[in-house]
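Novice: Residue strings, one per chain:
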Amino acid sequence: MQNWIVLGATSGMARPFLRRLAIDGARLMLAGRDMEELETLAKDCKLRGAAEVETIAFDIRDDAAFAPLIDKLSATQGVLNLACFVGTMPEQSAIDADPALIDAVVTDNFTGPAKFLSLLAPVMEARGEGVIVGVGSVAGDRGRVGNYVYGAAKAGFATYLSGLRNRLGRKGVHVMTVKPGPVETRMTAGMKLPFMAKPEQVAEDIMGGIERRANVLYTARIWYFIMMVIRAIPEPIFKKMSI
Amino acid sequence: MTKDTHYTGWGRALRAKGPVARPEKLRHLADLPPTPAFGMRRSYGDAPLNSAGAMVDMSGFDRFLAFDPETGCLTVEAGARIGDVAAAFVPQGWIPAVMPGTGFATVGGCIAQDVHGKNHHHVGSFGAHVTEIVLLQNGAEVTATPGTALFQATVGGLGQTGVILRATLRLKRCDGNLMLVTERRARDWDEHLAFLDTSEASYTVGWIDATATGSTMGRGIVEEAEIGQGVVKERKRTAKVPMDAPHFALSAPVVRAFNQAYYRRVPAQGRTIARPMADFFFPLDKIHDWNRLYGRRGFHQFQCVVPLSSARALRAMMERISTSGLASPLAVLKRMGAGRAGYLSFPMEGYTLAIDFPNRPAARDLIRALEIDTAEAGGRLYFAKDALAEGARIRGMYPELSLWQEEVARADPTGAYQTDLVRRLNLRSA
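Note that the protein sequences, when read in sequence, are chains H and L. Residues in the first sequence are numbered consecutively from 1, following the working numbering. Residues in the second sequence are numbered consecutively from 1001, following the working numbering.
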């Protein structure tokens, strides 16, 4: 039996991914802050074919509550997998006006998930199987004037996941970093962004990535090439660009 | 509320500019002032447009909420797509009683247009299988149940009684996962109608070659289908139309050649084949954004229904169309039953004809002429498709309009839910 714990389950990007898992008949644990939304989502997943669905109140900023959940997960029967969709993205201008916001951005996108995964790592090592999917962002590939605090946090998370992959890979646990470009969700509502992907497409790509054990997955695929170019731009030129 | 966006209906001929909100949580929706809503914008014209204000995109509310395996009653949020409902429930032995020609249509949209399917002659329209609708009316939740005026004003009611939040559908038992489809060539108009008249199949629809003239005028392929069991090849990966096609993509010679091939595809003696359900119900859904085939200017779909007694008038309309050289391959002829569930529901006992035309002046003139023909034949135009009709003419086709207006005036006294379509056709004033 495949078990999936999904952190940030009410996010727009997680929903179609959860449905794909539900159709495959997985056991789901939906973790998030908004219990009402989680309950509705749980009913939906159940009706779409999930074997069992459980909801878990979970706040990435409340690391004191991590340990009991880790204990619970370590007792799971069957294969344990995790997907982390947690993240927040305030406007860069809001952060410029109030740098105290940086703490929350770093917690939500990097240190919170990293702490949780570090607690889970020994559990996964002992099990010797399963998949961890961590959602980063193309914004983490280069610091851009319009979004560099969020980008810095996602970059930190990507580097962390790279190390975790290195550690867990040798124990049979696969870690996949997902780097979406802009996706049509609440987070991007009303923004005009290039190569917007639908969350359904992202879910499809993640499922494919899991199957072929991709290490770093860009979605939509075109972002792999775009970021290759953007990363290659020399800093003296890049610093004058506003992209 | 978000920034202004340009958006269109499926036909892309009419456009609107304005703020579109896409809430995903009920309380975010409740925070908005009363605003008209759209789903997947599969209506062709201006039913999902509001140039005078904002719109709410309901496609984020797409969750299944409850299912009773005893009765087959399924409650879903309004943005749930009918094709997703079928995909999830057919394996469990249940199917939506009525499905329109695209699985991308939302349940809310299916209600607001009281859509019909290829089985309309047996089971009636979509609204006949809805047992409850929950509306958001000026910030308050209101429940409409069959038999009430509010229900009849909501089903087929173009969203004017409030935003549809969720609905309960009575699914139908189905003991199969594919369609057994019998295809027959109908050699001309008379044979085509005769096949439709005598069909006893659960699902019946005719594809009509709108380019055939003379002795072959009205020829086509009649499909009759039943749900069956077995194994068929999975449908291939979907394709996508990546850009607006150039004008000649659907020019007369191309369409004529395509139609000829499509007609000959079915052997002269007919055939019975097994097809995946989605291929039968939603034949064009495999090609994402197929509306872009009509290029930047978009297209119109003309759809009318005329009473059985007006079959001759419909034949004359078909002649007008086939000699115009303007039609596209997408043309459908179907016999309808009498079933309709709302004051403004489209169906009437008779024949319905639906044909796509590229958005060009000659086609618009043709459609206007066809609208006059429809009115003279005692027929009706479909709000889900219309983009060109004259208000007085189309209003005259809906004898229960005043009952609808009365209820809408009660539900939305300030006119907050008006859309471009409602204003263009002046539907809400007496």
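Rather than coming from a laboratory, the hints here were simulated on the basis of the structure. Only a predicted model underlies this, so the values are computations on that prediction, with no experimental measurement involved. Treat the hints with care, since some could be wrong.
Simulated restraints on C-beta separations [to be verified]:
1) H:Q92 to L:G1053: 48 to 58 Å
2) H:V216 to L:A1149: 30 to 40 Å
3) H:P194 to L:T1272: 43 to 53 Å
Straight-line C-alpha distance at most 20 Å; calculated SDA-like pairs for lysine to any residue [unchecked claim]:
4) L:K1286 to L:H1006
5) L:K1286 to H:D205
6) L:K1025 to H:K239
7) L:K1017 to H:D34
8) L:K1240 to H:L119
9) H:K171 to H:D205
10) L:K1240 to H:V145
11) H:K192 to L:V1090
12) H:K239 to H:V145
13) H:K72 to H:M1
Pulled from the structure, derived: some chain H residues nowhere near chain L, Cβ distances all over 12 Å [stated by the list, open to error]:
14) Q2
15) G12
16) P16
17) I23
18) E37
19) F66
20) L69
21) V79
22) M89
23) V106
24) G143
25) Y160
26) E184
27) P199
28) I210
Quick reminder that beta carbons are idealized off the backbone N, C-alpha and C, glycines included.
Novice: Each of the hints needs a verdict: does it hold here or not?
Specialist: Okay, the hints, checked on the actual structure:
The given range of 48 to 58 Å is broken by Q92 of chain H and G1053 of chain L, whose C-beta atoms sit roughly 31 Å from each other. Between V216 of chain H and A1149 of chain L the beta carbon distance is about 59 Å. The supplied range of 30 to 40 Å is therefore violated. Evaluation of the 43 to 53 Å hint for P194 of chain H and T1272 of chain L yields a pass: the beta carbon distance comes to about 49 Å. At most 20 Å may separate the alpha-carbon atoms for a hinted pair to count; K1286 of chain L and H1006 of chain L exceed this at roughly 25 Å.
Among the hinted pairs, K1286 of chain L with D205 of chain H is consistent with the structure: their alpha-carbon atoms are about 19 Å apart, no more than 20 Å. Proposed proximity of K1025 of chain L and K239 of chain H is contradicted: the alpha carbons are some 39 Å apart, above 20 Å. Between the alpha carbons of K1017 of chain L and D34 of chain H the distance comes to roughly 33 Å, so the proposed pair goes past 20 Å and is violated. Distance check on the hinted pair: K1240 of chain L and L119 of chain H sit about 44 Å apart at the alpha-carbon level, beyond 20 Å; violated.
For a cut-off of 20 Å, the pair hint linking K171 of chain H to D205 of chain H is broken: about 25 Å separates their Cα positions. A hinted pair counts as satisfied when its Cα atoms are at most 20 Å apart, and K1240 of chain L with V145 of chain H does not qualify at roughly 34 Å. Proposed proximity of K192 of chain H and V1090 of chain L is contradicted: the alpha carbons are some 38 Å apart, above 20 Å. This hinted pair checks out: K239 of chain H and V145 of chain H have alpha carbons roughly 9 Å apart, not beyond 20 Å.
A C-alpha spacing of about 17 Å is found between K72 of chain H and M1 of chain H, which places the hinted pair at or below 20 Å, so the restraint holds. The beta carbon of Q2 of chain H sits about 19 Å from the closest Cβ of chain L, which is more than 12 Å, so the claim that it is off the interface holds. Distance check for G12 of chain H against chain L: the nearest CB is about 6 Å away, which does not clear 12 Å, and the non-interface claim fails. Residue-level check failed: P16 of chain H sits 10 Å from the nearest beta carbon of chain L, not beyond 12 Å.
The claim that I23 of chain H is not at the interface with chain L is violated, since a C-beta of that chain comes within 12 Å of its own (minimum 8 Å). Under the 12 Å C-beta cut-off, the non-interface status given to E37 of chain H relative to chain L is violated; the minimum distance is some 6 Å. For F66 of chain H, the shortest C-beta to C-beta distance to chain L comes to about 26 Å, beyond the 12 Å cut-off, and the non-interface label holds. No Cβ of chain L approaches the Cβ of L69 of chain H within 12 Å, the least distance being about 24 Å, so the stated non-interface status holds.
With a least CB separation of 24 Å from chain L, V79 of chain H remains clear of the 12 Å interface cut-off, as annotated. Even its closest Cβ contact with chain L, about 16 Å, leaves M89 of chain H beyond 12 Å, as expected for a residue assigned away from the interface. For V106 of chain H, the non-interface assignment is confirmed: its Cβ lies about 25 Å from the closest Cβ of chain L, beyond the 12 Å cut-off. Residue placement check: G143 of chain H keeps its beta carbon more than 12 Å from all beta carbons of chain L (closest about 26 Å).
With a least beta-carbon separation of about 29 Å from chain L, Y160 of chain H lies farther than 12 Å from that chain, consistent with its non-interface assignment. Remark: the non-interface label on E184 of chain H conflicts with the geometry, its nearest Cβ contact in chain L lying 8 Å away (cut-off 12 Å). The claim that P199 of chain H is not at the interface with chain L is violated, since a C-beta of that chain comes within 12 Å of its own (minimum 10 Å). Listed as a non-interface residue, I210 of chain H keeps its Cβ farther than 12 Å from every Cβ of chain L; the least gap is roughly 19 Å.
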